[in-house]
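Build out the structure end to end from the sequences listed, making use of the hints.
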Amino acid sequence: MSNDRFYYDVIVAGFGGQGVLAIGNLLAYAAMKEGRHVTFLPTYGVEMRGGTANCTIVISSKEIGSPIVQRPHAVISMNLPSLLKYGLRVLPNGLLMVNSSLIDPKEVARNDVDLLTIPVNDIANQNGNPKLANMIALGAFIEKTKWVTFSSVFESLEKVFDERHHGLIPSNIKAIQIGAEYVKNNFTPTPVSSTGQALTLPHQGGGN
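Counting in the numbering used here, the sequence shown runs from 1 upward without gaps.
Incorrect hints may have been included.
[Unchecked claim] Here are the simulated lysine to aspartate or glutamate pairs, DMTMM-like style, with alpha carbons at most 25 Å apart: (1) Lys33 <-> Glu155; (2) Lys184 <-> Asp112; (3) Lys184 <-> Glu155; (4) Lys131 <-> Asp112; (5) Lys131 <-> Glu163; (6) Lys62 <-> Glu34; (7) Lys174 <-> Glu155; (8) Lys184 <-> Asp104; (9) Lys62 <-> Asp162; (10) Lys159 <-> Glu63; (11) Lys174 <-> Glu158; (12) Lys184 <-> Glu34; (13) Lys174 <-> Glu163; (14) Lys131 <-> Glu63; (15) Lys85 <-> Asp122; (16) Lys33 <-> Glu158; (17) Lys85 <-> Glu63; (18) Lys174 <-> Glu34; (19) Lys146 <-> Asp122; (20) Lys62 <-> Glu155; (21) Lys146 <-> Asp112; (22) Lys85 <-> Asp114; (23) Lys159 <-> Glu107; (24) Lys85 <-> Asp112; (25) Lys146 <-> Glu34; (26) Lys33 <-> Glu63; (27) Lys174 <-> Asp122; (28) Lys184 <-> Asp114; (29) Lys33 <-> Glu163; (30) Lys146 <-> Glu181; (31) Lys184 <-> Asp122; (32) Lys85 <-> Glu107; (33) Lys62 <-> Glu163; (34) Lys106 <-> Asp122; (35) Lys174 <-> Asp162; (36) Lys131 <-> Glu155.
No lab work stands behind these hints, which were simulated from the structure alone.
In structure tokens:
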């Protein structure tokens, strides 16, 4: 991403156990490595595993006034409840990415957004590790948006993962690459504008 003035935000949502917060953490750390202003706001449901989980990431070329976002530029929905809750909030012409392994694309009630349907669970299963569906999603999102570089994400894995899990980093890198390759082979890339125009859509009050 260039050094032009920009503001961009994304909500990642699903249920506990899908690795939603890991996606957000990696995006946030990668953006910080690239010298951006970043906020990361996680929200947990009553139960961690099986309950709701979501996080909001804001990245900007300037200081960020609030981490709270009402109308995001992008939403990553890992399950149907998250689509129903956040899908309508995406700004017009924004990106709505859905996990089509668990969400029927017909459930998407928008025709004014860029819809990215990725069967992340199916892809993860086909590659032998269903636990890496979140990394498939992350790779797909980065390939589609060019929001951060892959090298920054790979370097951030050691920060996000506990040291006892560092042995899993190679398999996570591979899953990210597989997600990116799926998008490259099936969708037209729409990288973030170097002018920042795609990142300065109006928000309702307080920069939210």
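| field | Broken hints, by number | value | Per hint list: 4, 9, 14, 17, 23, 33 violated.
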